[in-house]
Amino acid sequence: MNVLRFLQTVDRRLLYALLFLTVAIPLLHPIVVPTVVLGRGPLGWLHPTFALRPFVLPVTVSPSTLMVYDEIQSLPPNSFVLLAPDWAAGSRGENGPQTEALMRHLMKRHIRFAMVSFDPQGPIISEAMAKRLQDQYGYVEGVNWTNLGFKVDQQDFLKAFVLDVRGAAPQDYNGKPVASEPVMAGIRSAHDIRLVIDISASDSYTYFIKFMQGPYKENLKMAAALTSVMAPEAENFVSSRQLIGCLVGLKGAIEYEHLLGVSGTATAANASLSAAHVLIIFFIVLGNVAMLLERAARRREDQE
Amino acid sequence: MTGFSPWLASHLDSLMLWIGVFCTLGFYSVLYRENRVYRFFEHLYLGLATGVLLVEAWNDVLLPKWFDAIFKQGEWWWIFASIVGLMYYFIFSRKLNWVARLAIGFSLGVTAGQEFQAFTNNVWPQIPKSFKPLVPHPALYAPNPLHLPPKAAEAAHIPLLYPQVTVPDAINNIVFTVVLLCVMSYFFFSFEQKSRALKGTAAMGRWLLMFAFGAIFGSTIMARLALLIDRVNFLMTDFGSGVMGPPGPLIVFFILFALCGLMLWMSLRARARGEGTDEPS
Numbered sequence: 001m002n003v004l005r006f007l008q009t010v011d012r013r014l015l016y017a018l019l020f021l022t023v024a025i026p027l028l029h030p031i032v033v034p035t036v037v038l039g040r041g042p043l044g045w046l047h048p049t050f051a052l053r054p055f056v057l058p059v060t061v062s063p064s065t066l067m068v069y070d071e072i073q074s075l076p077p078n079s080f081v082l083l084a085p086d087w088a089a090g091s092r093g094e095n096g097p098q099t100e101a102l103m104r105h106l107m108k109r110h111i112r113f114a115m116v117s118f119d120p121q122g123p124i125i126s127e128a129m130a131k132r133l134q135d136q137y138g139y140v141e142g143v144n145w146t147n148l149g150f151k152v153d154q155q156d157f158l159k160a161f162v163l164d165v166r167g168a169a170p171q172d173y174n175g176k177p178v179a180s181e182p183v184m185a186g187i188r189s190a191h192d193i194r195l196v197i198d199i200s201a202s203d204s205y206t207y208f209i210k211f212m213q214g215p216y217k218e219n220l221k222m223a224a225a226l227t228s229v230m231a232p233e234a235e236n237f238v239s240s241r242q243l244i245g246c247l248v249g250l251k252g253a254i255e256y257e258h259l260l261g262v263s264g265t266a267t268a269a270n271a272s273l274s275a276a277h278v279l280i281i282f283f284i285v286l287g288n289v290a291m292l293l294e295r296a297a298r299r300r301e302d303q304e
Numbered sequence: 001m002t003g004f005s006p007w008l009a010s011h012l013d014s015l016m017l018w019i020g021v022f023c024t025l026g027f028y029s030v031l032y033r034e035n036r037v038y039r040f041f042e043h044l045y046l047g048l049a050t051g052v053l054l055v056e057a058w059n060d061v062l063l064p065k066w067f068d069a070i071f072k073q074g075e076w077w078w079i080f081a082s083i084v085g086l087m088y089y090f091i092f093s094r095k096l097n098w099v100a101r102l103a104i105g106f107s108l109g110v111t112a113g114q115e116f117q118a119f120t121n122n123v124w125p126q127i128p129k130s131f132k133p134l135v136p137h138p139a140l141y142a143p144n145p146l147h148l149p150p151k152a153a154e155a156a157h158i159p160l161l162y163p164q165v166t167v168p169d170a171i172n173n174i175v176f177t178v179v180l181l182c183v184m185s186y187f188f189f190s191f192e193q194k195s196r197a198l199k200g201t202a203a204m205g206r207w208l209l210m211f212a213f214g215a216i217f218g219s220t221i222m223a224r225l226a227l228l229i230d231r232v233n234f235l236m237t238d239f240g241s242g243v244m245g246p247p248g249p250l251i252v253f254f255i256l257f258a259l260c261g262l263m264l265w266m267s268l269r270a271r272a273r274g275e276g277t278d279e280p281s
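Those sequence lines, one after another, are chains D and L. Reading the first sequence from the start, the letters are residues 1 to 304 in this note's numbering. Reading the second sequence from the start, the letters are residues 1 to 281 in this note's numbering.
Treat the hints as calculated values from the structure; they're not laboratory data. Please note that the accuracy of each hint is not assured.
Stated by the list, open to error - Simulated pairs of lysine to aspartate or glutamate, EDC-like, Cα-Cα distance not exceeding 16 Å:
no.	chain 1	residue 1	chain 2	residue 2
1	D	K108	D	D135
2	L	K65	D	E235
3	D	K221	D	E71
4	L	K65	L	E75
5	L	K132	L	D169
6	D	K159	L	E115
7	L	K129	L	D169
8	D	K108	D	D153
9	D	K176	L	D169
10	D	K176	D	E141
11	L	K129	D	E235
12	D	K108	D	D70
13	D	K221	D	D192
14	L	K65	D	D153
15	D	K131	D	E141
Unchecked claim - Label pairs and their computed distance ranges (CB to CB):
no.	chain 1	residue 1	chain 2	residue 2	range
16	L	G74	D	A160	17 to 27 Å
17	L	G85	D	A160	11 to 21 Å
18	L	V243	D	G138	23 to 33 Å
19	L	L8	D	V37	53 to 63 Å
20	L	L102	D	Y137	48 to 58 Å
21	D	G39	L	L8	52 to 62 Å
22	L	I19	D	A296	15 to 25 Å
23	L	G85	D	D135	36 to 46 Å
24	D	R295	L	K194	34 to 44 Å
25	L	A170	D	A128	14 to 24 Å
26	L	H43	D	V37	54 to 64 Å
As the list claims (entries may be wrong) - Covered stretches of chain L, as calculated for chain D (at least 3 residues, CB under 8 Å):
no.	stretch
27	42–55
28	96–109
29	223–235
These numbers were taken from a predicted model, which means no experiment stands behind them. All C-beta atoms, glycine included, are put in the ideal place defined by N, C-alpha and C.
Starting from the given sequences, assemble the full structure and let the hints guide the process.
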């Protein structure tokens with residue numbers, strides 16, 4: 001009875017400490033599992049060899065992530081994509097790996113992209129990320145990518161932007177005229193944009209649907225990369241094909257890195273995320289079982 | 001900032017890492033209980049975010065679009081934008097607050113007009129897409145005189161009239177339709193739900209909504225864990241390796257482990273003394 005009571009009144013700080021260990025240990029060292037490999041000795045005899053090998057969690061790619069990947073994969077090189085990193089430091093844990101994975105894919109496919117943000121911290125964070133990745137893929141700022149910076153009043157900006165890209169965003173984040181940048185060659189209106197990707201911790205992607213996709217270019221394809229909290233609301237839009245797909249939180253970034261075949265920030269967090277989920281599910285089950293057993297024991301005591 | 005201090009220029013990266021560590025630990029001190037350190041860092045973050053907003057709004061919007069336009073390019077008509085903007089401040093005057101109402105009314109009207117467009121583009125495409133085929137059928141191509149089979153029609157580039165619906169697709173669509181109707185019936189508030197069938201579907205709709213909210217809550221847990229992983233990764237990898245080299249992550253791990261132990265010890269001591277640790281300080 002005391003154990004059952006204890007299980008229901010465990011100090012929450014103990015759970016925090018366990019959660020920290022669960023998250024930190026896989027980051028510290030990859031989980032290894034003992035494996036037995038059968039090999040042949042000099043005389044041709046089979047003999048087992050024991051070895052510790054890193055345990056790689058299987059990644060199942062959801063259709064929603066796969067559709068975003070396929071869309072970028074199908075774009076011809078030198079196409080133009082509008083990337084909207086509408087997120088701040090508060091959601092870096094989810095939107096950061098998503099942005100990194102999407103940028104990697106665009107750079108890998110030699111696709112030009114411009115970034116425009118409706119969050120004041122967005123341009124700072126995304127520019128730092130693009131500059132960190134550009135050398136790996138031979139990208140040059142202004143030639144292959146540009147940062148159009150922070151814009152206020154998303155709906156009015158988008159209404160102007162779809163008609164006249166250079167008029168709405170005449171200069172980039174560093175004050176250079178956009179018209180002089182090779183990356184913007186031939187980009188005058190929304191008709192010249194092949195894909196819009198909004199990476200967000202809010203419902204900012206709906207503004208692109210409302211004011212960019214609908215009236216001006218029905219065929220403008222849109223994708224989103226959202227935090228896990230916001231992603232369920234986007235399911236409607238994926239189902240109606242207003243969004244071609246959606247990356248859901250850190251899991252979406254892990255799936256995307258798996259598709260890209262790179263081991264980045266998200267992949268490093270995969271084991272921690274899974275282990276933390278297992279821990280939480282274990283404690284939910286344990287707490288509920290303890291509650292049911294205690295209730296049954298109390299009922300028996302009352303009957304006696 | 002780094003121009004006048006070579007020391008600052010050479011140590012800026014590690015200084016930023018140290019600030020990040022103090023901020024992270026300050027925020028997570030709330031796990032023990034509400035405290036002044038947490039409050040300080042919370043206010044610091046809010047202040048910084050507001051500061052960034054002001055700087056970005058000036059640098060990216062007001063300076064190129066308004067200030068430079070008026071004073072460098074001679075586009076004097078942008079002065080009217082500032083007049084409308086300043087009209088909002090009349091809200092603080094009891095006598096002249098009608099001036100502010102003019103500006104507010106104008107922007108409300110514009111927004112309301114745009115909302116028609118927004119609603120149409122946002123919701124309307126979802127309505128036809130919710131009419132899903134419930135019976136499996138092969139791909140149907142536009143009528144052609146030869147009545148070509150699907151593969152031949154595809155090879156001849158005959159446009160697709162309806163895509164193929166497999167048995168799993170049909171089952172999926174039936175589930176979708178049942179869920180949609182049940183949830184919608186729950187929101188019939190215009191009349192009393194006396195019919196037994198309607199009561200049943202509405203009750204089912206309520207349960208389905210609960211499942212959806214449960215799924216959203218599960219996603220919220222995943223989001224919070226992702227944020228925790230990011231912070232632990234920052235402390236151990238970015239800071240640990242960046243400042244202390246290869247053994248850094250292990251050292252940081254043990255320091256954090258010791259902090260967790262300290263937190264538990266303090267909690268147990270407070271409990272033994274009968275002091276609560278949940279009340280805000």
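Checked hints:
no. : hint                          : in the structure
1   : K108(D) / D135(D)             : holds (12 Å)
2   : K65(L) / E235(D)              : violated (37 Å)
3   : K221(D) / E71(D)              : holds (9 Å)
4   : K65(L) / E75(L)               : holds (10 Å)
5   : K132(L) / D169(L)             : holds (10 Å)
6   : K159(D) / E115(L)             : holds (13 Å)
7   : K129(L) / D169(L)             : holds (14 Å)
8   : K108(D) / D153(D)             : violated (33 Å)
9   : K176(D) / D169(L)             : violated (51 Å)
10  : K176(D) / E141(D)             : holds (11 Å)
11  : K129(L) / E235(D)             : holds (13 Å)
12  : K108(D) / D70(D)              : holds (14 Å)
13  : K221(D) / D192(D)             : holds (12 Å)
14  : K65(L) / D153(D)              : holds (13 Å)
15  : K131(D) / E141(D)             : holds (8 Å)
16  : G74(L) / A160(D): 17 to 27 Å  : holds (21 Å)
17  : G85(L) / A160(D): 11 to 21 Å  : holds (18 Å)
18  : V243(L) / G138(D): 23 to 33 Å : holds (31 Å)
19  : L8(L) / V37(D): 53 to 63 Å    : holds (55 Å)
20  : L102(L) / Y137(D): 48 to 58 Å : holds (53 Å)
21  : G39(D) / L8(L): 52 to 62 Å    : holds (58 Å)
22  : I19(L) / A296(D): 15 to 25 Å  : violated (53 Å)
23  : G85(L) / D135(D): 36 to 46 Å  : holds (43 Å)
24  : R295(D) / K194(L): 34 to 44 Å : holds (37 Å)
25  : A170(L) / A128(D): 14 to 24 Å : violated (49 Å)
26  : H43(L) / V37(D): 54 to 64 Å   : holds (57 Å)
27  : 42–55                         : holds (count 4)
28  : 96–109                        : violated (count 0)
29  : 223–235                       : holds (count 10)
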